[in-house]
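> Protein sequences appear in the order of chains A and B.
For the first sequence, the numbering used here assigns the number 1 to the initial residue and increments by one for each residue that follows.
For the second sequence, the numbering used here assigns the number 1 to the initial residue and increments by one for each residue that follows.
Keep in mind that the hints were calculated from the coordinates and are not lab data.
Computed from a predicted structure; not experimentally measured.
All C-beta atoms in this analysis are idealised placements derived from N, C-alpha and C, irrespective of residue type, glycine included.
Take these hints with a grain of salt, some might be off.
So the derived list for chain B, only partly shown, Cβ under 10 Å to chain A, looks like this [stated by the list, open to error]: (1) 14; (2) 17; (3) 27; (4) 32; (5) 35; (6) 40; (7) 42.
In silico PhoX-like pairs for lysine-lysine, Cα to Cα no more than 20 Å straight-line [claimed, not checked]: (8) 81(A) x 8(A); (9) 156(A) x 13(B); (10) 41(B) x 159(A); (11) 128(A) x 8(A); (12) 36(B) x 13(B); (13) 98(A) x 162(A); (14) 159(A) x 39(B); (15) 3(A) x 81(A); (16) 128(A) x 81(A); (17) 90(A) x 8(A); (18) 162(A) x 13(B); (19) 98(A) x 3(A); (20) 162(A) x 39(B); (21) 81(A) x 98(A); (22) 156(A) x 81(A).
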Amino acid sequence: MRKLIILKSLVDFVWIVVCLPLLLVILIFLVLIFINPEVLNRVSWMGSIPQEGSEIVLQIYSVSTAAMMYLGIYSFYVFRKTLRYFMNIKPFHEEVIKNFNTIGIMLCGLGIVGAILVFIGRLVFETKIRISLGFSPYLILLCLGLFFMVLSETFKVAKHAKEENELTI
Amino acid sequence: MPIEVNLDVMLAKRDMKSNELAEIIGITTANLSILKTGKAKAMRFSTLEAICEALDCQPGDILEFVEEDPIK
Numbered sequence: 001m002r003k004l005i006i007l008k009s010l011v012d013f014v015w016i017v018v019c020l021p022l023l024l025v026i027l028i029f030l031v032l033i034f035i036n037p038e039v040l041n042r043v044s045w046m047g048s049i050p051q052e053g054s055e056i057v058l059q060i061y062s063v064s065t066a067a068m069m070y071l072g073i074y075s076f077y078v079f080r081k082t083l084r085y086f087m088n089i090k091p092f093h094e095e096v097i098k099n100f101n102t103i104g105i106m107l108c109g110l111g112i113v114g115a116i117l118v119f120i121g122r123l124v125f126e127t128k129i130r131i132s133l134g135f136s137p138y139l140i141l142l143c144l145g146l147f148f149m150v151l152s153e154t155f156k157v158a159k160h161a162k163e164e165n166e167l168t169i
Numbered sequence: 001m002p003i004e005v006n007l008d009v010m011l012a013k014r015d016m017k018s019n020e021l022a023e024i025i026g027i028t029t030a031n032l033s034i035l036k037t038g039k040a041k042a043m044r045f046s047t048l049e050a051i052c053e054a055l056d057c058q059p060g061d062i063l064e065f066v067e068e069d070p071i072k
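Start from the sequences, fold in the hints, and give me the full structure.
Take a look at the structure:
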């Protein structure tokens with residue numbers, strides 16, 4: 001139980017210190033790139049400063065990246081919400097199973113879309129075609145997403161077994 | 001479920017109350033109620049043995065197979 005308390009504290013800390021300010025920063029950045037597109041030319045993209053005149057591409061790329069980051073933050077929020085059920089000793093609640101599946105789908109989506117975005121980013125900003133099949137964070141995200149989906153299925157089986165056990169007189 | 005529990009019938013025949021039976025066989029009245037209403041998914045042999053002993057009957061007197069209506 002102490003491990004759960006440490007995990008919950010850590011997740012709360014990350015949520016307050018990283019996620020909440022990040023939500024605001026992304027929102028401000030998104031508004032700023034449409035009000036003053038010159039901001040985009042001051043940001044380093046894939047380690048290189050883009051050429052002038054590619055604002056629309058950069059705007060689309062920024063919005064896609066921001067959407068991905070929001071999705072990541074939302075999956076972290078769902079995870080934080082799920083931990084509350086563990087704290088209340090309700091690990092086999094229907095909501096936990098649903099949340100694990102949602103997190104899994106979102107992480108898989110993040111992994112796939114992230115890899116595609118990086119591939120496009122390299123193509124646009126570095127004019128290079130590079131496919132890295134090694135130990136990449138996107139592959140880990142995909143594995144993590146699938147793991148959460150498997151965990152959801154496992155919890156579903158466990159819930160069924162628990163109910164059956166409770167209804168055995 | 002096609003298996004019906006006729007515990008209330010046997011209780012009436014033996015003129016015994018639910019809480020009395022629960023106390024004799026050592027289960028809670030809530031669990032006995034689950035058994036009586038047919039919500040139970042399974043029954044332990046030890047529970048069945050205790051019920052049969054308390055009500056002086058056979059398992060067949062308590063459990064009955066009723067074929068389900070295919071339209072339902």
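> Confirm or reject each hint.
Going down the list of hints, with the structure as the test:
1. 14: Constraint on residue 14(B) not satisfied, violated at 19 Å.
2. 17: With a minimum Cβ separation of about 18 Å from chain A (threshold 10 Å), the hint on residue 17(B) is violated.
3. 27: 6 Å, holds
4. 32: Residue 32(B) check passes; min Cβ-Cβ to chain A is 8 Å, inside 10 Å.
5. 35: Holds: closest Cβ of chain A sits about 5 Å from residue 35(B), inside 10 Å.
6. 40: Where the cut-off is 10 Å and the nearest Cβ of chain A is about 5 Å from residue 40(B), the hint holds.
7. 42: 4 Å, holds
8. 81(A) x 8(A): 10 Å, holds
9. 156(A) x 13(B): This hinted pair is violated, its Cα atoms lying about 42 Å apart.
10. 41(B) x 159(A): 14 Å, holds
11. 128(A) x 8(A): 42 Å, violated
12. 36(B) x 13(B): 15 Å, holds
13. 98(A) x 162(A): 17 Å, holds
14. 159(A) x 39(B): Measuring from Cα to Cα gives roughly 17 Å; hence the hint holds.
15. 3(A) x 81(A): Cα-Cα ~17 Å, so holds.
16. 128(A) x 81(A): 41 Å, violated
17. 90(A) x 8(A): Holds. Residue 90(A) to residue 8(A) sits at ~15 Å (cutoff 20 Å).
18. 162(A) x 13(B): 35 Å, violated
19. 98(A) x 3(A): 23 Å, violated
20. 162(A) x 39(B): OK: residue 162(A) and residue 39(B) at ~15 Å, within 20 Å.
21. 81(A) x 98(A): 12 Å, holds
22. 156(A) x 81(A): Within the cut-off at roughly 18 Å; holds.
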